[in-house]
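As you go down the protein sequences, you meet chains A and B in turn.
For what it's worth, this note's numbering labels the leading residue of the first sequence as 1, then goes sequentially.
For what it's worth, this note's numbering labels the leading residue of the second sequence as 1, then goes sequentially.
Since the hints were derived computationally from the structure, they do not count as laboratory data.
Note that beta-carbon positions come from the ideal geometry of N, C-alpha and C, so glycine has one too.
Careful, some of the hints might be misleading.
In silico SDA-like pairs for lysine to any residue, Cα to Cα no more than 20 Å straight-line [claimed, not checked]:
#: 1; chain 1: B; residue 1: Lys36; chain 2: A; residue 2: Phe42
#: 2; chain 1: A; residue 1: Lys36; chain 2: B; residue 2: Val12
#: 3; chain 1: A; residue 1: Lys9; chain 2: A; residue 2: Lys36
Computed list of chain A residues with no C-beta within reach of chain B, every gap over 10 Å [to be verified]:
#: 4; residue: Thr13
#: 5; residue: Asn17
#: 6; residue: Lys22
#: 7; residue: Lys40
#: 8; residue: Tyr49
#: 9; residue: Asn51
#: 10; residue: Pro66
#: 11; residue: Gly84
#: 12; residue: Asn102
#: 13; residue: Gln104
#: 14; residue: Pro108
#: 15; residue: Val114
Computed list of chain B residues with no C-beta within reach of chain A, every gap over 12 Å [unchecked claim]:
#: 16; residue: Arg60
#: 17; residue: Leu61
#: 18; residue: Leu65
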Amino acid sequence: DTAVSQTPKYLVTQMGNDKSIKCEQNLGHDTMYWYKQDSKKFLKIMFSYNNKELIINETVPNRFSPKSPDKAHLNLHINSLELGDSAVYFCASSHRRGGNFNEQFFGPGTRLTVL
Amino acid sequence: GEDVEQSLFLSVREGDSSVINCTYTDSSSTYLYWYKQEPGAGLQLLTYIFSNMDMKQDQRLTVLLNKKDKHLSLRIADTQTGDSAIYFCAAVSSARQLTFGSGTQLTVLP
Chain A
1 DTAVSQTPKY LVTQMGNDKS IKCEQNLGHD TMYWYKQDSK KFLKIMFSYN NKELIINETV
61 PNRFSPKSPD KAHLNLHINS LELGDSAVYF CASSHRRGGN FNEQFFGPGT RLTVL
Chain B
1 GEDVEQSLFL SVREGDSSVI NCTYTDSSST YLYWYKQEPG AGLQLLTYIF SNMDMKQDQR
61 LTVLLNKKDK HLSLRIADTQ TGDSAIYFCA AVSSARQLTF GSGTQLTVLP
């Protein structure tokens, strides 16, 4: 059983298009995340979200928006795609226990290529 | 905010030990983590250490934490070709956000 799944695995699209990446977790976690990994493998958090708060990395353009229809899903919508958006996008989830322990479970990633 | 740094590359011979180093800036980080990313896959938690510990050993893995110097290391004993991957150091910053280092590409040579 896949714990954190993402679709699609690969996404190739033209500049200016709007696209979505879906993420689902079946771990019963209450917090989900989106990360961007660039070509140099640097990993940057974009959003973290649970049913109480959305934390946005201030460097993320407002063309990116997370949408959570329920606790098991956090989709990523991207408007007006640009060449610099090409990257691998990872979804992750974790359970908000007491204290600061935060083990995150990652999806397999979605490779986005903008032409 | 938290800043986490690692060297980018490490090559070792099969059977040797690998040591991957990491430094972080936030002295209030309570948990520090090592994640492994294999080619074409997401990250998986390899091990972690709580800040009141100096060392943690788990089979071939040894984590050392020098809290005074804010230095974390991961030692892999008897490194195998299957250990070739990118290893990310991560620290919990405020608001329970994980801040990742740049990742260290470990290459194991036969």
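Hints, one by one, checked against the model:
1. At roughly 14 Å between alpha-carbon atoms, B/Lys36 and A/Phe42 fall within 20 Å of each other, so this suggested pair holds.
2. For the hint pairing A/Lys36 with B/Val12, the CA-to-CA distance comes to about 29 Å; that exceeds 20 Å, so the pair is violated.
3. Between A/Lys9 and A/Lys36, the direct Cα distance comes to roughly 14 Å. Compliance with the 20 Å bound is thereby established for this hinted pair.
4. At the 10 Å boundary, the C-beta of A/Thr13 stays outside the reach of chain B, the nearest C-beta of that chain being 20 Å off.
5. Even its closest Cβ contact with chain B, about 25 Å, leaves A/Asn17 beyond 10 Å, as expected for a residue assigned away from the interface.
6. The beta carbon of A/Lys22 is kept farther than 10 Å from every beta carbon of chain B, the shortest such distance being approximately 15 Å.
7. Non-interface call for A/Lys40 relative to chain B: violated, since the shortest CB-CB distance, roughly 8 Å, does not exceed 10 Å.
8. Every C-beta of chain B lies more than 10 Å from that of A/Tyr49, the closest at about 12 Å, which supports listing it as non-interface.
9. The non-interface label for A/Asn51 is consistent with chain B: the shortest C-beta to C-beta separation is roughly 15 Å, beyond 10 Å.
10. Once the 10 Å rule is applied to beta carbons, A/Pro66 is consistent with being away from chain B; the minimum gap is 15 Å.
11. Distance check for A/Gly84 against chain B: the nearest CB is about 19 Å away, which clears 10 Å, and the non-interface claim stands.
12. The Cβ of A/Asn102 does not lie farther than 10 Å from every Cβ of chain B; its closest approach is about 5 Å, which violates its non-interface assignment.
13. For A/Gln104, the condition that its CB be more than 10 Å from all CB atoms of chain B is violated, with the nearest at approximately 6 Å.
14. Separation of A/Pro108 from chain B is inadequate, the least Cβ-Cβ distance of about 5 Å not exceeding the 10 Å criterion.
15. With a least CB separation of 20 Å from chain B, A/Val114 remains clear of the 10 Å interface cut-off, as annotated.
16. The Cβ of B/Arg60 sits about 20 Å from the closest Cβ of chain A, beyond the 12 Å cut-off, so the non-interface label holds.
17. A cut-off of 12 Å between C-beta atoms confirms that B/Leu61 is not in contact with chain A; the least separation is 16 Å.
18. The Cβ of B/Leu65 sits about 15 Å from the closest Cβ of chain A, beyond the 12 Å cut-off, so the non-interface label holds.
Of the numbered hints given earlier, the model fails hints 2, 7, 12, 13, 14; all others are met.
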